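From first to last, the protein sequence lines stand for chains B and C.
The first sequence begins at 41 in the numbering used here and counts up one residue at a time.
The second sequence begins at 1211 in the numbering used here and counts up one residue at a time.
The hints are simulated quantities; they were obtained by calculation from the structure and are not laboratory data.
A portion of the hints provided could be inaccurate.
Claimed, not checked - With a Cα cut of at most 20 Å, we get these calculated PhoX-like pairs of lysine-lysine:
id: 1; chain 1: B; residue 1: 100; chain 2: C; residue 2: 1368
id: 2; chain 1: C; residue 1: 1402; chain 2: C; residue 2: 1385
id: 3; chain 1: C; residue 1: 1619; chain 2: B; residue 2: 114
id: 4; chain 1: C; residue 1: 1619; chain 2: B; residue 2: 91
What the hints assert, rightly or not - With beta-carbon atoms standing in for the labels, derived distance ranges:
id: 5; chain 1: B; residue 1: 168; chain 2: C; residue 2: 1406; range: 52 to 62 Å
id: 6; chain 1: C; residue 1: 1304; chain 2: B; residue 2: 86; range: 15 to 25 Å
id: 7; chain 1: C; residue 1: 1240; chain 2: B; residue 2: 87; range: 31 to 41 Å
What you are looking at is a predicted structure, and each value in this text was computed from that prediction instead of being measured.
For each residue, glycine too, the CB sits at the ideal point set by N, CA and C.
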Amino acid sequence: MYKDITILLNILQTTDKLFKKIILTTAKAGFPSPSDQFKKQPLDLNSIIIKNRPSTFFMKVEGDSMINAGILDKDIVTVDKSLEAKNGDVIIAEYNGEFLIKQLSIIKNEVYLIPANNNFQTIKIKNNDNFAIWGVVTFVIRRLK
Amino acid sequence: MSREKIFALVDCNNFYVSCERLFNPIIKNRPAVVLSNNDSCVISRSNEAKNLGIKMGDPLFKIENKINLYNIAVFSSNFSLYGDISSRVMEIIRKFSPDIEIYSIDEAFINLTDINMNLDNYGISIVKTVEQWTGIPVSVGMATTKTLAKIATSIAKKHKKFRGFFNMTRHSDIKRILEITPIDDVWGIGHKYAKKTKYFRIENAYQFSKLPDTFIKKYFSVNGLKTAMELRGVSVIPMELFSTRKSIVVSRSFKEPLMELDELKAAFVYFSTLAGEKLRRERVETKFIKIFIKTNRFDKGNYLYNEDFMLLPNYTNTTKDIINTSLLLLNRIYHNNIKYKKAGILFTNLVSSNNKQWDIFCNSAEYKKKNQLSKSMDTINKRYGSYTVKYANINLSSKFLPSQKRKSKEYTTNWKELATVK
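One chain only, chain C, in its complex shape:
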């Protein structure tokens, strides 16, 4: 048997709010929230905002009262800022170990199996360095599996006395910790299986880990079994060093509902442009394109959701292909006289552009030409600002451009928007 593995998870605390606070010292002690695209709902909360009972996903109109009452600072999302700060955090983590897996914009796993150092010093040093160098507070948890490291990190985050670091690798009482970990909080189980865990009256991580393998496999699939093994301390989920994303979504809710087909078409051209840029930035291609349109989810009686998808003959990441496909799909699912409040486009089954299998019948000359065009447009738009060059049918109607009234500046990515010092 191989020797015991050691993983750490570094997780930024209230990441988007922390990025805003970095450049707005005035809101340091004020409750603060960051809103999703189009300023529709809450996607990040400061601890003070959490204590005021504001929940993830709360729509803006629902918390308007609290905002006024408690003087809550509210920000539109500023992803150029968050993206830059994230890459700084990841660069620092990489100085500690080259063997890292960037799990999301604000989380990374580190494989510490071969590190011959005092693990406590190591963990404390990561917390201190990231906070000092970037101003972003982080929590670090260590354990013998990735799933347990996730739990260790949330313990580090919840309890102030640990100062952001919790080492579960030599913890004698893992059983006790698993008993107080609600099953919904376990990585890989979460809300996806909420109904089943409730039905079987599985309340905490310990109960789940003690279930027979055959039972878990039957009701929670192979992945559920992997989770159970990891909770038992057997590492079966490896580091994904070259993780390509499994799916990409671009979606927006509209400020005012769209009813006309032409308006929706313009919206989908815009989504396709963003989505194409995203695919090329991540160096992935897709064959599977899905779009959806829906009405206001708070309008209970009249809620309507339509979707359709298409499997393309060849892999693509060119904007032109995505526009053509999405408009074709839109024609299939659009209905008259419906107030559409949100729409989006989704790609799954992504493959890396570098190692995809070439379709023998793929028109490679045409493909390369389109690809070159898309790339040139990306370069120009990056240098001279978004939408300097665009496809003719893109109509940037204010109805679906993100309304971001409370966006802070691009302090780290735009020379014209630097923070000022007196």
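Okay, chain B solo, but in the shape it has when bound:
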């Protein structure tokens, strides 16, 4: 008996809601805002920084080796793996088990990783080094405040 009543109440509640909804939607008629037709998406930083979503990664800079290139300690860089690295690009390199951020330089078939800080040495890639280009650095993000 008790159960039947609850079920009935539930049905009533539901239908009640349904009616309210219908009434509300029909009442929703007014003049559309004149700005509607000019409406555009607000600016989204991702649309500049992430050209290719599935190949873009973020990494964190540690140390001063690139300060003269405007890349400081604790900066966040975006790295695009889909780009073919060119001479002069700032790249992320896998070098003997470490990630390095350096400028790529290819001179007469020799590969060099060049820091942007006089206190650091240029690295010449040797045959027995474990070296690969991981990705090309595309943007630097720095918190000022």
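Once you have looked at the hints, place chain C on chain B.
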């Protein structure tokens, strides 16, 4: 008759290990394995680890010697990383064709029937692009049915000379390939029918495909017949574009065995919370809830497994319903003085939340309220970290929280855990 179809299967090689290697260049040439939740057994192996004789499912204690001897890199599973890399791989595959079926975290079928391009160039291009863009090596196989595409992919993976791509669509010698494909490796047959195939002395895919239809239907069901037809080159398994998962499982083995009912209750509240999140994330609901508890499977003489299930009156995916049901079931199957080593919760007969049939007697106001609560909790927990908000009876005892001592960082999903570059 319709014209011949063409399918490709893209399969990531040693996926979890490959994800770890992407952010740990130091282990590039070292043997490496990834462990299951709670660090109990091996779920992914690098080729070097395979060559050392480490098998899928090997428990950690069994390979401890080899780990030390061969300096094997060992990782706890890091599913936030694997999930993110997987979605990147799938997004790239989708650029090649919109008609894809994501089959698992590391596999996708592509329907290439209507692609008017050189198939070889197409396949090679997929392999190259995914590897260059994500760092994940993949194998691609092409064939006229999904079942044959699976075989083509494993050939692409096994033999280095193919460089990750094998095109079986215009291969004149499919018979020869099927003859060297063990029946256990065939999609849809696998280990499920191992006893029967052994009994009938069916050793390879070719033998199976040549059996009479009535025989196959009798002993291997309609699905077995579908497999046979696909091996013969007739496509009968279509792309599942809107595949909803057929079941969801959340289970864990405990670091130390649980004996007290209260401890197990806490574990099931935790499982229910995870399971609820999983159901809502996949936008599915269930009526069928099953739980199980079991002792150590390596403790041969005393192995004990208990399970029970309940069919609910209404479809649900709210955490509260799942907790209530699982605790009720636990009370039914729990015994005193048993050392429970593993437990879990399972849902089957899932339906999509969008197109389920409304039960006329379902209390919809109450349902919506609970649903809203669960959703809000998901949002908060996603933003501020897991378990910021939780049900009062959830007790995160260290005994059943995954012990993940060797987990790498969440390089792609957490700003605080980015990889560092010098």
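Hints, verified against the model:
1. B:100 - C:1368: Given pair residue 100 of chain B, residue 1368 of chain C is violated - Cα atoms ~37 Å apart, limit 20 Å.
2. C:1402 - C:1385: violated (24 Å)
3. C:1619 - B:114: Status holds; Cα separation ~17 Å.
4. C:1619 - B:91: Not satisfied, since the Cα-Cα distance of roughly 25 Å exceeds 20 Å.
5. B:168 - C:1406: 52 to 62 Å: Once the Cβ atoms are compared, 54 Å apart, the range 52 to 62 Å for residue 1406 of chain C and residue 168 of chain B holds.
6. C:1304 - B:86: 15 to 25 Å: Once the Cβ atoms are compared, 19 Å apart, the range 15 to 25 Å for residue 86 of chain B and residue 1304 of chain C holds.
7. C:1240 - B:87: 31 to 41 Å: holds (40 Å)
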